[in-house]
Amino acid sequence: AYYPLLPEVKVTYAIDYCGNSLGKKFLWLRKYVSKDSLVIAFMVPVYVFTLASLMFTRHRVIVSERNDPDAASTFRRIARKLLIWRAQAVVVQTQSIADRMPSTLRKKQTIRYNPISDKYTSGSALGSEKKDLIVRKET
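Residues are numbered in our numbering as their position in the sequence shown, beginning at 1, plus a constant of 21.
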């Protein structure tokens, strides 16, 4: 973990048990996660996979959308729309992301802004000349 956790928080990595096999991870997740666990899944591919794996169970899942929801591939956008309703809570980083999520999720959403420490507020990037420029990936 990147941050210190309380001793009662157990972090487990599926790759340690299943390697890179998606099928094994899917089955392992259904079997391994105890009924009283709270699963927190970040990023669309991970939380879509987690929600699909735990479908038709009583597991509690919180998902965190950390990117522009419209920037995901068509497959990921469809998968998210089909599965995100299953989450008990949806954490987003900005009001803009919250506004672009399905309206049926509004009561489940929480905005947690990404804090910036004072030690990161100075330096060449912040003091550099700014340009009005939009960069986008051609499709």
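Treat each hint with caution, since some may be false.
The calculated lysine-lysine pairs, modelled on DSSO-like cross-linking and capped at a C-alpha distance of 30 Å, are [claimed, not checked]: (1) 46 / 102; (2) 31 / 46; (3) 56 / 102; (4) 56 / 128; (5) 129 / 56; (6) 102 / 45; (7) 56 / 31; (8) 128 / 45; (9) 45 / 31; (10) 129 / 52; (11) 52 / 102; (12) 128 / 102; (13) 52 / 31; (14) 31 / 129; (15) 45 / 56; (16) 129 / 102; (17) 129 / 46; (18) 56 / 46.
For each label pair, taking beta carbons as the anchor points, the in silico distance ranges come out as [what the hints assert, rightly or not]: (19) 99 / 25: 18 to 28 Å; (20) 49 / 109: 30 to 40 Å; (21) 45 / 116: 21 to 31 Å; (22) 25 / 59: 12 to 22 Å; (23) 33 / 73: 28 to 38 Å; (24) 56 / 28: 14 to 24 Å; (25) 27 / 133: 29 to 39 Å; (26) 41 / 94: 30 to 40 Å; (27) 103 / 51: 11 to 21 Å.
Hints in this document: simulated from the structure, not taken from any laboratory. C-beta atoms are modelled at their ideal positions from N, C-alpha and C, and glycine is treated no differently.
Here's how the hints hold up against the structure:
Annotation: proposed proximity of residue 46 to residue 102 holds, straight-line Cα distance about 22 Å (limit 30 Å). Pair hint residue 31 plus residue 46 holds up; C-alpha atoms about 18 Å apart against a cutoff of 30 Å. Between residue 56 and residue 102 the CA atoms are separated by roughly 25 Å; this keeps the pair inside 30 Å, and the hint holds. Straight-line distance between C-alpha atoms of residue 56 and residue 128 comes to about 24 Å, which keeps the hinted pair within the 30 Å bound.
At roughly 21 Å between alpha-carbon atoms, residue 129 and residue 56 fall within 30 Å of each other, so this suggested pair holds. Of the pairs offered as hints, the one joining residue 102 and residue 45 holds, with about 24 Å between alpha carbons and a cut-off of 30 Å not exceeded. Our distance criterion of 30 Å between C-alpha atoms is met by residue 56 and residue 31, whose separation comes to about 15 Å. With a C-alpha separation of about 34 Å, the suggested pair residue 128 and residue 45 falls outside the 30 Å cut-off, and the hint is violated.
At most 30 Å may separate the alpha-carbon atoms for a hinted pair to count; residue 45 and residue 31 meet this at roughly 21 Å. With a C-alpha separation of about 26 Å, the suggested pair residue 129 and residue 52 falls inside the 30 Å cut-off, and the hint holds. Note on residue 52 and residue 102: the hinted pairing holds, with a Cα-Cα distance of about 25 Å set against a maximum of 30 Å. In summary, the hint linking residue 128 to residue 102 is supported, as the alpha carbons are separated by about 16 Å, within the 30 Å threshold.
As the CA atoms of residue 52 and residue 31 are separated by approximately 16 Å, the hinted pair is consistent with the 30 Å bound. For the suggested pair residue 31 and residue 129, the alpha carbons sit about 25 Å apart, so the restraint of at most 30 Å is met. For the given pair, residue 45 sits about 19 Å from residue 56 by alpha-carbon distance, which is consistent with the 30 Å threshold. For the hint linking residue 129 to residue 102, the alpha-carbon distance of about 14 Å falls within 30 Å, and the restraint holds.
Note on residue 129 and residue 46: the hinted pairing holds, with a Cα-Cα distance of about 27 Å set against a maximum of 30 Å. For the given pair, residue 56 sits about 17 Å from residue 46 by alpha-carbon distance, which is consistent with the 30 Å threshold. For the pair residue 99 and residue 25, the beta carbons lie near 38 Å from each other, so the given range of 18 to 28 Å is not met. Remark: the range hint 30 to 40 Å for residue 49 to residue 109 is contradicted by a beta-carbon distance near 22 Å.
Checked against the given bound of 21 to 31 Å, the beta carbons of residue 45 and residue 116, roughly 39 Å apart, lie outside it. One distance hint, 12 to 22 Å for the beta-carbon pair residue 25 and residue 59, holds here, with the actual separation near 19 Å. The beta-carbon spacing between residue 33 and residue 73, approximately 19 Å, falls outside the hinted interval of 28 to 38 Å. Hint check: residue 56 to residue 28, Cβ distance near 22 Å, so the stated range 14 to 24 Å holds.
Between residue 27 and residue 133 the beta carbons are some 19 Å apart, a value that contradicts the proposed interval 29 to 39 Å. Restraint check, residue 41 to residue 94: a C-beta distance of roughly 20 Å breaks the suggested window 30 to 40 Å. Distance hint for residue 103 and residue 51: a CB-CB separation of about 18 Å, consistent with the stated range 11 to 21 Å.
When each numbered hint is compared with the structure, violations occur for hints 8, 19, 20, 21, 23, 25 and 26.
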